[in-house]
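Chemist: Top line first, the protein sequences correspond to chains A and B. Residue numbers are given in our numbering: position 256 of the first sequence equals residue 439, and the series is strictly consecutive. Residue numbers are given in our numbering: position 277 of the second sequence equals residue 427, and the series is strictly consecutive.
Bear in mind the hints are in silico, worked out from the structure with no lab data behind them. Please read all numbers here as calculations on a predicted model, not as lab measurements. Mixed in with the good hints, there may be bad ones.
[As the list claims (entries may be wrong)] Pulled from the structure, derived: some chain B residues nowhere near chain A, Cβ distances all over 10 Å:
id: 1; residue: 392
id: 2; residue: 397
id: 3; residue: 412
id: 4; residue: 478
[Said to hold, decoys possible] Not the full set, but computed from the structure, chain B residues with beta-carbon under 10 Å of chain A:
id: 5; residue: 208
id: 6; residue: 441
id: 7; residue: 443
id: 8; residue: 444
[Unchecked claim] Pairwise CB distance ranges (calculated):
id: 9; chain 1: B; residue 1: 203; chain 2: A; residue 2: 493; range: 27 to 35 Å
id: 10; chain 1: B; residue 1: 252; chain 2: A; residue 2: 381; range: 52 to 60 Å
id: 11; chain 1: B; residue 1: 412; chain 2: A; residue 2: 316; range: 49 to 57 Å
id: 12; chain 1: B; residue 1: 405; chain 2: A; residue 2: 381; range: 15 to 23 Å
id: 13; chain 1: A; residue 1: 250; chain 2: B; residue 2: 405; range: 31 to 39 Å
id: 14; chain 1: A; residue 1: 256; chain 2: B; residue 2: 414; range: 39 to 47 Å
id: 15; chain 1: B; residue 1: 171; chain 2: A; residue 2: 223; range: 38 to 46 Å
id: 16; chain 1: A; residue 1: 411; chain 2: B; residue 2: 229; range: 52 to 60 Å
id: 17; chain 1: B; residue 1: 179; chain 2: A; residue 2: 585; range: 29 to 37 Å
id: 18; chain 1: A; residue 1: 576; chain 2: B; residue 2: 204; range: 30 to 38 Å
id: 19; chain 1: A; residue 1: 321; chain 2: B; residue 2: 315; range: 49 to 57 Å
id: 20; chain 1: B; residue 1: 442; chain 2: A; residue 2: 450; range: 51 to 59 Å
id: 21; chain 1: B; residue 1: 404; chain 2: A; residue 2: 446; range: 49 to 57 Å
Virtual Cβ for every residue (Gly too), placed ideally from N, Cα, C.
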Amino acid sequence: MTGVVITGAGALSSLGIGLPALHDGLARGQSRVAPITVFDASSFPTRVAAEVPLGTIGPSTLAGPLDGLIAGGELERWHARGLLRDRKVVFAMLAAAEAWRQAGCGDAEREAGLSLAVGLEQCFLADFLALRSGAALDWSRDATAPLPEIRYRSTVDLPARAVEQLLGLRGPTTVNASACAAGALAVAHAASSIARGAASIVLAGGSDSMINPLGIGGMSRIGAPSPRNAADACRPFDRRRDGLAMGEGAAVFVLEDEDRAAARGARPLARVVGWGSTQDGYRATAPRPDGAAARRAMERALQRAGCEPAAVGYINAHGTGTPLNDPAECKAIRGALGAAADAVPVSSVKGAVGHLMAASGALELAACLLPLGRGVLPGTANHRERDPECDLDIIGEVPRAAEVDLVLSNSFGFGGQNVCVALGRWS
Amino acid sequence: VKAVDVVGCAVVVPPYAEEREAASAKVRKTMSRSAQLAAIACKEALAAAGWTEGRETIGYHLGVGASGGPLAEVIAMFDASVEDGALSMAKLGDAGLRACNPMFTFQVLNNFAMCHGAILEGLGGPNGAWFSRGSGTVGALAEAVHAIGDGDCDRCLAGGADSALHPVTIAELDRTGFISGGLVPAEGAAVLALATPHPTLPPPGGGKGGPSPTDGGGSSFSLPPEGGGLGRGVRPIARIEAVKVWPGRALPLAAAVEAAVSLWPAPEAVVVTGWGEGVKGVMGDGVRRVLGSGAKVEGDGVVGETLAAGPALGWAKAIDLIRAGATRVLCLSAGTDGDLGAVLIGSPA
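Please put together the full structure from these sequences, using the hints given.
Modeler: Listed below in structure tokens is the structure:
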């Protein structure tokens, strides 16, 4: 099997634009969950979220960051077609561009494949006004409706197609739609392709935003977000936890065959050494309380990495801050690591940046580059009261200094999909 | 890829009998059409393979389409949110949300087309929901084959499920010229049960007999399980020999078809699935340029276009041909992204 390394990374979250903003924010113990500004959420049950600080998005938002990658006037054409209506399209392009540049990619890297995790299509409810005929919708009006090409809903793969075009990628594109497990699965898929020799370079990651009326509204209806609408809405592993905070953003990595990266002089940020996925097969609305399936995903990731549990230096937990997830995840960690579990620091960044849904696994892998690169373990924002049901070494709000060689990142999706990815230090 | 055995196959194309439903009426209220179809195919593929035990280790990779939540829920929300002819955020956040079934979220999440089946059947192995315009479903099959080859599991389901019978989807297909080009929106699902190659069983002699997967609008079949219903004990009905995707940005479709047909030993038949007759015509012409004008080119046997389900229905058709005596069938699938997916299915002999 070929070694797989990360040679570039890009990220956007509520802590800022770019991977350094994420790492700086986490290293300082910052968090940013605040009242929703991208639409008027004042009547909604959920009124806070972790927004990417980009404000209203348009061609001008992208012109600077994408300078040199996209022809003049092209962004205006995309905007006119409605391609930029869905924030996750923009996030994907910005994260991919950052990763591309950091990895020093050029024409030779356009052979790369793309493995991107995306969330649910965004529904543009106001578009239906153009079809309204009394109490019904008249679909015959669609052809002449004064709406952009992307109407009613964005297409699932729009972020991936935008990245393909932006960077001129010619390799296969894979779009993972596995909800909150998708980001990590997309990276695992890319690593697997490289490890078995099917590809030598793949851009992989995830992009999502559900901070829109139906995204926020839909999640509110199923009771997933904290009802408190406070800056500390998400309190992972805390005894008082009562739900998640909605987030948005993206993270994209350049994954390469280790030999390919060395040949072109790229400097790896980390190794992707293991991954595993399982299904709860339990309920649509709740994780397995015993964490058994999640445990097997972690065990498989360690097995693939060829590492013993004692080698794990840090675990970035899925840690949603919901009553059911966190204790089940602790059982999974304890089951997978056995006696070594007590000595492994665990934290969740969801208190700081919210739950990025399909992008969460990718963003949290980007967070895992912080301990491997700077020797800082991210803290768990808003974790103040220990819960006996979460009896692990949970890092509190203050980040912790530590030199680690192997980190695990857990991602568990609505519907019971579990994935664990292991990153190792590159040296 | 390392070859894997196909030990079960299930196809669901409406209309189908009520008793085939995999979920109760109550649970179906949380399911999209794609999820309902996939759940039936999942259940029947497991039954066909005789996989009644050890389901916590069985994997499942599915090609899925756009979210298929009922538009009635959106319209109810919309109607409760309009004020003076405009959409009111103030009303949407209150009366609008209350007008909508809280389970609507589970209907629209794309991955639930796969997850509902996994939950209903207790599957616990490696898994993924892969968005597909055609080749994505081939990618899902590749993931399943690799999961077995890499040792993540020794049994895995793979397939596709989708419904084009959604007003927004139909409007998109119409606006982009597919409907006027002859595309008939349809829906369906097909799932294969894959297992590590059987080490000891003699070849099944062509696997003739039994119901066909594409007869009568959908049924499931398999030869009798042996050895306790586990993967290695089930007599294979076909073998996945190769899976490959050609990106449309690297190679035009016609050239990709020629590359695919030339890559492996000549198949006895080629099953083509794609969005509309135009695409299928390009694929058929490419096949004939390589194999000659007498080449046997078939569709998936389903009336209409089932989008993400199409490639999997094509595999079922190929298995049908193998059961009828063919030894090697090539399945080609293309979608609107221009990518071409190819799956070479052979006789287990």
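Chemist: Hint by hint, say whether it matches the structure.
Modeler: Results for each hint:
1. 392: Residue 392 (chain B) clear of chain A: closest Cβ-Cβ about 12 Å, beyond 10 Å.
2. 397: violated, 5 Å
3. 412: At about 19 Å from chain A, residue 412 (chain B) clears the 10 Å cut-off, so the statement holds.
4. 478: holds, 22 Å
5. 208: holds, 9 Å
6. 441: violated, 25 Å
7. 443: Status violated, d = 31 Å.
8. 444: violated, 32 Å
9. B:203 <-> A:493: 27 to 35 Å: This hint holds: roughly 34 Å between Cβ atoms.
10. B:252 <-> A:381: 52 to 60 Å: Distance hint for residue 252 (chain B), residue 381 (chain A) is violated at roughly 42 Å.
11. B:412 <-> A:316: 49 to 57 Å: Holds, at about 53 Å.
12. B:405 <-> A:381: 15 to 23 Å: holds, 21 Å
13. A:250 <-> B:405: 31 to 39 Å: Since residue 250 (chain A) and residue 405 (chain B) have Cβ atoms about 34 Å apart, the given range 31 to 39 Å holds.
14. A:256 <-> B:414: 39 to 47 Å: holds, 45 Å
15. B:171 <-> A:223: 38 to 46 Å: Since the Cβ atoms of residue 171 (chain B) and residue 223 (chain A) sit about 42 Å apart, the hinted range of 38 to 46 Å holds.
16. A:411 <-> B:229: 52 to 60 Å: Check failed, 31 Å falls outside 52 to 60 Å.
17. B:179 <-> A:585: 29 to 37 Å: violated, 49 Å
18. A:576 <-> B:204: 30 to 38 Å: holds, 35 Å
19. A:321 <-> B:315: 49 to 57 Å: Violated, since residue 321 (chain A) and residue 315 (chain B) (Cβ atoms, about 18 Å apart) do not stay within the stated range.
20. B:442 <-> A:450: 51 to 59 Å: Given about 53 Å between the Cβ atoms, the range holds.
21. B:404 <-> A:446: 49 to 57 Å: violated, 34 Å
Of the numbered hints listed earlier, those contradicted by the structure are 2, 6, 7, 8, 10, 16, 17, 19 and 21.
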